[in-house]
Amino acid sequence: MSRLTIVASLLMLPMTLSSGAPAQATDWQQVSIPPLPAFHPKEPKRIEFPNGMIVFLQEDHELPLIDGIARIRGGSRSEPGDKAGMLDMYGEVWRTGGTKTQTGDELDDYLEVRAAKVETGASADSTTISWSCLKSDFDDVFKVFAELLREPEFRADKLDLAQREMYDAISRRNDDVSEIAQRESAKLAYGKDNPYTRQPEYATVAAVSREDLLNWHHAHVYPNSIILGVVGDFDSAAMEAKLREAFGQWTKGPVFKAPEIKLEPGKPGYYLIPKSDVNQSNIRMVDLGIRKDNPDYFAAQVFNEAFGGGFSSRLFRNIRSALGLAYAVGGGIGSAFDHQGIERIAMGTKSQSTVEAIQALDKQIDDLKTNPISEDEIKRAKDSILNSFVFNFDSPEKVLRERMAYEFYGYPADFLERFRTGIERVQPADVQRVVTKYLHKDQLRVLVVGNTSEFDKPLTDLGPVTNVDISIPPPPGEKSAPAGSQSQ
Amino acid sequence: MGQHARLQGPRLRSLPELRIPRYAWLLGMTTLCALCLITAAAAQDIASFEKRITLKKLNNGLTVLICERPEAPVFSFYTHVDAGSVQDPLDKTGLAHMFEHMAFKGTDTIGSKDYPAEKASLEKVEQAYAAYLRERDKPIDRDETKIKQLETAWQDAVKQANQYVIPNQFTEIIERNGGEDLNASTNYDETNYFYSLPANRFELWAYLESSRFMHPVMREFYKERNVVIEERRMRTDSNPIGRLLEQFTTAAFQASEYHRPTIGWMSDLNSFSATDAENFFNEYYIPSNMVLTVVGDVKAGEAMPIIEKYFGRIPSHEKPDERITNEPPQNSERRVVLQEMAQPLYLEGYHRPDYLSPDDAVYDGIADLMSEGRTSRLYRALVRDKKIASDAAGFTGLPGNKYAHLFAFYAFCMPGHKPDEMATAIHEEIDKLKTQDISDDELKMIKTRAKANLIRSLGSNSGLAFELGINQARYDDWRELFRQVDRIDKISKADIRRVANKTFTASNRTVGIIETAAPPSAQPSKGGE
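Chains as they are written, first to last, in the working numbering: chain A, 1 to 488; chain B, 1001 to 1529.
This is chain A alone, in the form it adopts within the complex (with noise of 0.2 Å):
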């Protein structure tokens, strides 16, 4: 029986309901809404191999398609932080670099000749390798997969050329303000150099050898740190056999343990990184967030979705409607499935009316607590979130996708259900106590990245300012960053 038995229960919220109106509705309240179809999503088939290899099968016959990734455990948060960048470049020359018999180069030849993919990448917290192709290039392409998964190469003159766009990469960082509030904000939230928000320098991108990308490989990849999910068009029987017969005899390794990171935010208050060739200023006030599992989690939902959430929330209507101060402009709670998110309120306004914009974000905080979340914002948060719920399992790729991060993490596998059962049961008390208990306007730290020469009114108005240095420091031997690397 699947978990996911969506009934006409997504009806829960009809606006009005008026049998079927012979004439015109003049009204959008007359307009019938009839109950919802019942849909019970296929859920994809779990396989567990006495090697401790999990896989998850997903039939979908609409195309002659078969798609297919793996994600392992371990990512960027456990490299060596004085070799920060290594898991961006291991998820490349993973590939570029090749197998045993093949050259990366080679590989693409193959592959692209059959416009067919095999892609490899890391996050923090895992790296993936994936393949796409023609249901009938299915064998040709899965064989390239299950090679490089087990056997590859790392070549050194890919790990050159990767290394080579890190540093165009590091170089390009401070080109794009909405990047650099966004980088920096992240670091104001956890801390500095946390294993989140350290960044790869000239440095520590020189100090990664092959012999590193290698050792990742042989530390991390096997088969009881593997998730292996496969969606398209094939028969779930005939492909559990080919799966087995590749990876069913692969020997188990050492069992892997995620690192112990702690987080630690940035003194509370006003910073600043002055950029003098913009005219906007971008704003981000950021705090620690949840975990997914948090029993708060559910009321945060629906607080963020009333805050700062969509084209109803308070922060669009106040702040972009109501005052025209911003085009982007939203923010929220933050989480994330094993570690704390980030709460963020972000947006954009003219450098002439930075101090402007802060205080009315202020005011938007503040207000929360003389004109809490009304029952009538919480019911429209709610009934945008469970009407809109379907979207989260629309197609099998989306349910398979689900399932994979609940297995990953941990979560149980119908975390979906709950989450669904969890907003409905959200009350206004609740939405309260998260606010109360998670934004603190005096908690938060106040970035600003805009032309301090045409602000309102100096950011000092408001507090203390700390100037934000963003220099990039320069490659080992050299005495300056790469002209235009400079942050003014």
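Please note that the accuracy of each hint is not assured.
Simulated crosslink set (DSSO-like; lysine-lysine; CA at most 30 Å straight-line) [stated by the list, open to error]:
no. : chain 1 : residue 1 : chain 2 : residue 2
1   : B       : Lys1138   : B       : Lys1159
2   : A       : Lys42     : B       : Lys1051
3   : B       : Lys1138   : A       : Lys135
4   : A       : Lys267    : A       : Lys252
5   : A       : Lys143    : B       : Lys1138
Pair ranges (Cβ atoms, derived) [as the list claims (entries may be wrong)]:
no. : chain 1 : residue 1 : chain 2 : residue 2 : range
6   : B       : Arg1313   : A       : Asp376    : 29 to 35 Å
7   : A       : Gly52     : B       : Lys1444   : 40 to 46 Å
8   : B       : Asp1440   : A       : Glu245    : 49 to 55 Å
9   : B       : Lys1051   : A       : Gly52     : 43 to 49 Å
Bear in mind the hints are in silico, worked out from the structure with no lab data behind them. Beta carbons are placed, not taken as given, at the ideal position from N, Cα and C, and that holds for glycine.
Keeping the supplied structure of chain A fixed, place chain B upon it in accordance with the hints.
The following block gives chain B in isolation, referenced to the frame of chain A:
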């Protein structure tokens, strides 16, 4: 690879990406895959889609396309309006995009506490604004005191009108009913509106979508104009690549309306009125200028009568004249060089004919050959072998493709390398196109990928709605989506040489460069003085 997005012509969306995508797929398998076994794919696909597609032209001229795809109880739609920023009146750039923002502001029945009273006060706002503008824009004898008074009078009229507004009610109804990916976009060629809903909200959708194109109300216009001005600051003024693209496009087109930015020039944004937006709407938003595409869990037999009932209400008049000035042949290279506090970048573009050109598929083939994946010529030459660029590609459709436009190449310089080196390396690759046939394998890759890309585009309601809708709008036949593959299948090695020789000439070229400016004299900032 794949940084095209960084350089594609600006496609403006009215909303920021505020919502964290619900579940970000964690892979790099962005590009599509399939095999060349399916040579007869196009014909088969057309046959299978014929069964699921219902096309109807309503009495008022509106084209409606319904594609049944009952995978899940949801549907997506895409409203295509054949008017983009190219249709902006001469001194009112940005107006098409501005109207797109206004299409979220409600109607006479949605968003107002008392529409007759609101209507009267909105008329007063327009009178007051016109009076203010007349004085503000006087070339001589401007009276500053009078300007201030008139500005205050206009702002007071705005306040009066605002008391009748129910803020954001139109979008709130959509959101409450489970609307997903609610947004719109304006580009040079057209304006697009789209979102998805649970299938049981179909009639409500028909009511809402038809209403906003029957009786939109220009409420809160001048505040929304400020929002759009912030959008300009974000996308163009405060972004080095945005600044380059604006200057580059302006230089490449001197006669064609493509020389004007979709977002609009600042002085126009500070001048045009709600009346202007309403006039634009009245001229271009007519049923015969629109294509409505619905894909998902709907039955045409039930859905079409509902659509006729609601959308049939929209009044019509003659289709507007959308001819523009033809860009005359360019007879000398043009260059735009920006000194920026950013890393260097090289961009060049060559004029080519519009999307109806018989060579359209050849240009697509060249773009694929030069740019697609790690086997592409520019990646291999500039990134892999010469190691002078971190990314390089060629693409067509800058800044649009409905009218004669540009085929462009770009390269991001690796540290220590200069834009001129990019130019030399790109020109070497272009010369190869002109003088040597491409290989059999390369030609096969181009054709295989075209088929694969098509298959991949058929897998979602929203993607399918867009593809079918744009083909119906552009060719008056959705089947062109499938026939494009046939056209690519017919291109020959000789076609590629011929088109390269015809197009990629020095006098037909416009160059855009970002050079890194010398650091400004250090001025330590003290807490934002």
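What hints, given by number in increasing order, does this structure fail? Per hint list: 3, 4, 5, 8 violated.
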